[in-house]
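Student: With these hints in hand, go ahead and build the complete structure from the sequences.
Residue numbers (this note's numbering), protein chains in the order written: chain F, 1 to 150; chain C, 151 to 528; chain R, 529 to 886.
Each hint should be verified, as a subset may be incorrect.
[As the list claims (entries may be wrong)] Chain C is nowhere near these chain F residues, computed Cβ spacing over 10 Å in every case:
no.	residue
1	S37
2	T62
3	E88
4	P136
[Unchecked claim] Derived CB-CB ranges, DEER-like:
no.	chain 1	residue 1	chain 2	residue 2	range
5	F	H63	C	G459	30 to 40 Å
6	F	P11	C	K455	29 to 39 Å
7	C	E298	R	K609	47 to 57 Å
8	R	A570	C	G168	46 to 56 Å
9	F	H75	R	L841	56 to 66 Å
10	C	K455	F	T62	22 to 32 Å
11	C	Q331	R	Y864	46 to 56 Å
Rather than coming from a laboratory, the hints here were simulated on the basis of the structure.
These numbers come from a predicted model, not from an experiment.
Here a beta-carbon is modelled for each residue, glycine too, at the ideal position from N, C-alpha and C.
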Amino acid sequence: MTNEEIKEYIPSIAPNAILDETGEWLNITIEPSELKSFATALKEGKLQMNYLFCVTCVDWKTHLTMVYHLSATTHRQSIVVKANVNREAPEIETLSGLWKTANFLEREVFEMFGVNFLNHPDLRKLILEDDFKGYPLRKDFEDPINMIKL
Amino acid sequence: MYNQTEVIKDTSELGAEGELIINMGPQHPATHGVLHLVVTLNGETIKKIEPHLGYIHRSIEKMCESLTYRQFIYVTSRMDYLSSHINNLGCALLVEKGMQIEVPERAKYVRVILSELTRIASHELWLGAMAMDLGAFTPFFYAFREREMITDIMEETCGARLTMNYIVPGGLMYDIHPDFQKKVKAFITQFKAKVTEYEDLVTNNIIFQSRTKGVGVLTAEDAISFGCTGPVARASGVSCDIRKLYPYDVYDKVEFDEVIETAGDSFARYMVRVKEMNQSIRIIEQLIDTIPEGDFVGKTKNVLKLPKGEFYTRVETARGEFGIYVVSEGGTTPHRIKFRSPGFSNLSALNHMAAGSKIGDLMATMGTLDLVIPDIDR
Amino acid sequence: MFSLEGITSTIQDWLFFKFNPTLALAIECVIVILLAIALFAALGLILVLMERKVAARIQIRLGPNRVGPGGIFQTAADTLKLIMKEGLTPDKADKFLFNLAPFIVMMVAMLLLAPIAFAKNFQIWDINIGVLYISAISSLSVIGILMAGWASNNKYSLLGAMRSGAQIVSYELSAGFAVLTIVVLTGSLQISEIVAAQQNGWWIFKGHIPAIIAFVLYIIAVTAETNRAPFDLAEAESELTAGFHTEYSGMKFALFFLAEYINIFIVCAIGATLFLGGWMPLHIGNWQGFNHIMDFIPSSIWFMGKTFFLIFLIMWFRWTFPRLRVDQLLNLEWKYLLPISLFNLLLVAVIAILGWHF
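Tutor: Here is the structure:
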């Protein structure tokens, strides 16, 4: 399986996906509503993307972008799946049913960015205190006591 | 983390008939740091383990957003402090990849030797700590005897024993100590002579084997699904050594075997790490005599600016795949940085591995996961 | 020649000459109590230091070496520190039981001292059911440990105490059977007679292989009974922080600590008495000359030498082996040690009836 084959294969499972090849790996941007079905197709279909090694979120001030780094232990090609969610009430389907590691990684994103993962089995704060207000890794997070402005 | 009333509320929610909930940590002899596990017990049998993190969370990712590409390397030494060289190397590789900086051969050789020495030192500490979790105190001192030699080498070369900060984008901060090669060779001789003592004390001990064999089994499928990497995944038969799959620096020039066991239990994880130490020695032996002369740092600009875009590098630390994801807007500081730490994913498998076993098994499982809490919390 | 027997009989004669018999007996009791307490203090200091030195030797380090020459006053300094410390009692603990528990454990250890023969004719109480007395009293220490674990109101303590209970009750069986083999061979429960029966050779040499098996079983069982590694599940610090004595501090903790070492001393003394001849010097059959030379070494030195050898053996175990898991511990007893000791007892009975031993 080469990168070219992946590129040709992707539109067949997600016709609306936007492909971007400028980076090191293939970037696929997808609608949040399609994420779950797309991810299922990636994992169970021809590509066998069984290894989710990084889940994170990027705050672009206008919107949040969920970033999933996927790879396969068979052909070792990596791809990046992205989904833009709105910043006021971010919501996206959980992938913890497909990759068990997503459980913890999504909990971290939940408390740091405030993204609400639908159907997550155990969506609670993992690192921060239970009564912590705000989402620390967002760009507009202010903490006058503990943060030093340079 | 919780105030008093919430703890009680939590207990009443979870504690069904005949269940006992104990808080292991954040101050507990076996958690090696401030890991907090809420363990639900039925007698001696574990029903559920819930990790609570954050006791040593320093928000390194947020901090890095206001640090330059020269500065943020030093923060990574404080994450997985037992493989600080390898973390630093990962960051240096990322900046070098983003800016296409040429690294001199000499620096590449030294970096790999130091990475492998770090790996041995980390595994030595793990060996001692894990044996101590199982109630054997003596191996700890034997393991530290050899580790001490490595930290002495590090101290002489880098000026530090734990958080080295020796690797910079483009090469090394300064040249190696003149005695470096001699000392490393002395260490190799000593290590080879003494490694049999671990076999006698730990590996061949019948109690140790009965405590670890068949305990905390993780199948290959689960290992991949939980995102486990490093010795944890390799003990389950998953090939995941970044040094083999995506070689960096001079790993493509040296010969070594990726250690793979198939049992997936605590003993297999133990064996993987012990054998890995021998492989690391093999790598160092191939490189130590052939360190080329020349510059130790490549030509770099004073102010580093990564081009606009996204970068991801991964290196193999002692605990597994360490990934750095940087989103750059073209400035001197990253827009967003994410550290994919191996311990975080390995920890997520703990409940799956230890539920249903005895409290004593939890120690064997947790010990062989080799958790470093600052690496998990970041 | 110097002998403890001479000193005791001189004192006794003098007392009975000076006072009426009742008063003399009372004074003797006081002297014995004082001696026992002094022995306890001395043993505590010596054994803790010995343990630390043995551990250091095994772990390629020096051990205590600052307080006094070679660190010999280290334990005295530690004791001073423990006395100065505040004895905390947790708020929600059962205060009466919590404070009673360390004393019960200590008292049991003290009671066990009575029938031990420290030297020739130097024994507090030569009771005719000595072995039975020892087995009966040593079972009581589990009550103290359970009490400590329950009264602390701490989950770790409770788990540790429960483990300890299961462990001591199980291993008592093996220890008891191992002791019974010697009783069968000797035909007496009295300590002095058991020692006297080893006049022409220790039981471990005379009793063929069954006696050696019984000795090994005994050492394993008593290591477990005294909660020492590799059977220290009751205080497995990597699992239960400190087990049943998690909540204890200061002198109350010191009593548990001391009782542990006294118990080791006592079980080793009993082991030495039963298998290695107690104070009896090394005698080989009819070798008159050899036996005579051996008799020149005082009997108290023989006894202490044997006891401390066994203590060293148990310390050696602790610093070499990892800890067993709780189910493995119970499996070892009920599936292996108990059947072996039952069979061994049968074998010994046959040997004793047919008179095959020397």
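Student: Hint by hint, say whether it matches the structure.
Tutor: Hint check:
no. : hint                          : in the structure
1   : S37                           : holds (19 Å)
2   : T62                           : holds (13 Å)
3   : E88                           : holds (20 Å)
4   : P136                          : violated (6 Å)
5   : F/H63 <-> C/G459: 30 to 40 Å  : violated (18 Å)
6   : F/P11 <-> C/K455: 29 to 39 Å  : holds (35 Å)
7   : C/E298 <-> R/K609: 47 to 57 Å : violated (30 Å)
8   : R/A570 <-> C/G168: 46 to 56 Å : holds (47 Å)
9   : F/H75 <-> R/L841: 56 to 66 Å  : holds (59 Å)
10  : C/K455 <-> F/T62: 22 to 32 Å  : holds (24 Å)
11  : C/Q331 <-> R/Y864: 46 to 56 Å : holds (54 Å)
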